[in-house]
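Go ahead and model the full structure; you've got the sequences and the hints to work with.
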Amino acid sequence: MATLDWRNVGSRAQWETNPPQHTAPHYPMKEFFKSVLASTIGTFLAGLGLCFLMFVLMVGLVSSSGSQPESTPVLVKPKTMLVIGNGLAINDTPAHGTPGLASLLSGSPMPEVDLLRALEAIDLAAKDNNVAGLLIAGEIEAGIVQLNELRQAIVKFKESKKPVIGWIENTSQREYYLTSVADKIYMHPASEVELKGLASYNMYYGEILKLFGVGVQVTKVGKYKSAVEPFLGDKMSEPAREQTTQLLNGVWNRLLTDVSVSRQVTIASLRRAADDAGIYNAEKAKSLKLIDGIRQRDELITELRKIGAGADESGTSFRQISLAKYAHKVQLPRRGERIAIVYAEGEIVDGWGGVGEIGGDRLARDLRELRADPRLRAVVLRVNSPGGSAFASDIIAREVGLLRNKGIPVVVSMGDLAASGGYYIAARGSVIMADPATITGSIGVFGLHFNYQELAKKVNLGTDGVKTNRYANLFDMDHAATPEEMAVVQATVDSIYEDFLKVVGEGRKMERNNVHEIAQGRVWLGLNARENGLVDKFGGLRDAIREAKVLAKINDAEIIQVPALHSGRENILQTLLSEDSNEMPLFARAQSKDPALLFLKSHAEVLKAIRSLNDPRGVYLSCPVRGAGR
Numbered sequence: 001m002a003t004l005d006w007r008n009v010g011s012r013a014q015w016e017t018n019p020p021q022h023t024a025p026h027y028p029m030k031e032f033f034k035s036v037l038a039s040t041i042g043t044f045l046a047g048l049g050l051c052f053l054m055f056v057l058m059v060g061l062v063s064s065s066g067s068q069p070e071s072t073p074v075l076v077k078p079k080t081m082l083v084i085g086n087g088l089a090i091n092d093t094p095a096h097g098t099p100g101l102a103s104l105l106s107g108s109p110m111p112e113v114d115l116l117r118a119l120e121a122i123d124l125a126a127k128d129n130n131v132a133g134l135l136i137a138g139e140i141e142a143g144i145v146q147l148n149e150l151r152q153a154i155v156k157f158k159e160s161k162k163p164v165i166g167w168i169e170n171t172s173q174r175e176y177y178l179t180s181v182a183d184k185i186y187m188h189p190a191s192e193v194e195l196k197g198l199a200s201y202n203m204y205y206g207e208i209l210k211l212f213g214v215g216v217q218v219t220k221v222g223k224y225k226s227a228v229e230p231f232l233g234d235k236m237s238e239p240a241r242e243q244t245t246q247l248l249n250g251v252w253n254r255l256l257t258d259v260s261v262s263r264q265v266t267i268a269s270l271r272r273a274a275d276d277a278g279i280y281n282a283e284k285a286k287s288l289k290l291i292d293g294i295r296q297r298d299e300l301i302t303e304l305r306k307i308g309a310g311a312d313e314s315g316t317s318f319r320q321i322s323l324a325k326y327a328h329k330v331q332l333p334r335r336g337e338r339i340a341i342v343y344a345e346g347e348i349v350d351g352w353g354g355v356g357e358i359g360g361d362r363l364a365r366d367l368r369e370l371r372a373d374p375r376l377r378a379v380v381l382r383v384n385s386p387g388g389s390a391f392a393s394d395i396i397a398r399e400v401g402l403l404r405n406k407g408i409p410v411v412v413s414m415g416d417l418a419a420s421g422g423y424y425i426a427a428r429g430s431v432i433m434a435d436p437a438t439i440t441g442s443i444g445v446f447g448l449h450f451n452y453q454e455l456a457k458k459v460n461l462g463t464d465g466v467k468t469n470r471y472a473n474l475f476d477m478d479h480a481a482t483p484e485e486m487a488v489v490q491a492t493v494d495s496i497y498e499d500f501l502k503v504v505g506e507g508r509k510m511e512r513n514n515v516h517e518i519a520q521g522r523v524w525l526g527l528n529a530r531e532n533g534l535v536d537k538f539g540g541l542r543d544a545i546r547e548a549k550v551l552a553k554i555n556d557a558e559i560i561q562v563p564a565l566h567s568g569r570e571n572i573l574q575t576l577l578s579e580d581s582n583e584m585p586l587f588a589r590a591q592s593k594d595p596a597l598l599f600l601k602s603h604a605e606v607l608k609a610i611r612s613l614n615d616p617r618g619v620y621l622s623c624p625v626r627g628a629g630r
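With our numbering applied, the sequence shown corresponds to residues 1 to 630, in that order.
Because the hints were derived from the structure by calculation, they are not lab data.
Even for Gly, the Cβ is constructed at its ideal location relative to N, Cα and C.
A few of these clues could be false.
Said to hold, decoys possible - Each computed DSS-like pair below joins lysine-lysine, with the alpha-carbon atoms no more than 30 angstroms apart: (1) K223 - K553; (2) K156 - K553; (3) K235 - K223.
What the hints assert, rightly or not - Have a look at the derived ranges for each label pair, beta carbon to beta carbon: (4) L75 - A190: 31 to 37 angstroms; (5) R368 - D499: 16 to 22 angstroms; (6) S237 - V355: 31 to 37 angstroms; (7) E299 - L211: 55 to 61 angstroms.
What follows is the structure, encoded as structure tokens:
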């Protein structure tokens, strides 16, 4: 469907041994257009593209080679408080030493820890006699599902009878959701806390693209397949509005229920609070029973020392250790037969993929290598992805099926988002587990094709040539596709949709028409997905590991993570950061809430999404809803 550049034809087997920087097919006009499109939107966003380019270049300095390192000795003195938050990013995938965007731009590194080690660290702290208690101190980057898994771990921690204290200094709603599980919550008198409900808004570039002469043509299957809407118009469609409203209400009800149980307040009162103001000072928060008391920082320190925390070396604060640093004490099991946790986090792209992306070739290679491991007994596939390239998704799904065909159980653990292509790669799993708030489904397909016909007219750029056959220049970007050309691509999209239904039907043991009934691009919460057969069980990452052991009929297992934790050569960014970058005193803020940084971060995602549009056929399995709202 595109012009073949014979200079770039090579062996895929060779690519997998020595992956190039860009493994996707090289289409000159497509690359040209993507540059034009990125420049157009970058101009409209007043230089945000340059900022994102700086981010990409800095990330490109990061090396991610090596196997899982040994745990680092961490000295924990008696009477130490374990601090969760205070500038912490929780990711599914083990950290490779790559700071987040806000960290890179602000100069205040936000430490990262993968979810599994964070959960194991909390369990370890409950048994550690040197850990006096747990302090939840806000400023945490994590998804709703990740926060729920952390909450469950903290509930289990409380069985140790060690105190769990929450501290609020201008805490966001998501941070409050985690904090609400604490035994006691204290708030600084000059700060605020959010309880305002959920929202999901997109920027729509359709009219801007028209203004610049950029044409957008779409083929799709599915009433609710609305991921392309931002490129077509200037507002949300009614089907998209309907399903997004249902999703947000479902997640919001879940949050309210959990907070209601933890704080022993009614859901009705929480709803009124969200409608009355949304943001509350300390006095009002106390009257609403969102917190238990109001404290200055020094008063908090005194409170913590009263309940068992020791004094720090200066004698002016309390003895503390961050979850990011304490997690280095965790030793994953290293005996027995193997269970591999394979992380599929980010957009699914054709080729090798970059930081924060699921490269179809890379993940397929990882799964293929695991299939050849004689010690492997089960795989946990942790999916946190909105989907992406249809071609890459199919390559990955094939390898999942081959694992099962070999008798290796594959337990899928869904994070915040496992939809469209994210569900496609999950559908062949032996067991699919999700959180009730997981966003999943979105079984639908769309084709997205751009042209610069009107742009060429604006700049007096002529195009002329000859062809041997009717469709020889199909979807060359110098012209808008004709109805006949669109029909050709629609047939491809229809065929891929049928393939999607077939993969789901085979994996879930459902008839085609039954799958189609719940498909149509419709996005579901995990709660509803279990009811309609797309999900088997509720549970988190560690529940999935236990399920894998049951299916593999083993008790002890060595846990390996793919991709592995960073080891070996240190990257340049790590060298520039101090040795204590993962340990931040309680009141030293990470600057993650800098409004300029948050603005840049939100729009950087737009440019990243454009870069990910590299499917060789221009066909995508992508979910329109990327999270539970803010």
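Given hint K553 paired with K223 - CA-CA distance at most 30 angstroms: Given pair K223, K553 is violated - Cα atoms ~43 angstroms apart, limit 30 angstroms.
Given pair status - K223, K235, alpha carbons within 30 angstroms: holds, 16 angstroms
Agreement of K156 and K553 with the hint, judged by alpha carbon distance not exceeding 30 angstroms: holds, 26 angstroms
Hint check for L211 and E299 - Cβ pair distance inside 55 to 61 angstroms: Holds: the Cβ-Cβ distance is about 57 angstroms, inside 55 to 61 angstroms.
Consistency of beta-carbon spacing, V355 to S237, with hint 31 to 37 angstroms: holds, 32 angstroms
Whether the CB-CB distance between R368 and D499 falls inside 16 to 22 angstroms: holds, 21 angstroms
Distance restraint hint 31 to 37 angstroms, applied to the beta-carbon atoms of L75 and A190: holds, 35 angstroms
Consistency with the previously given hints fails for number 1 only.
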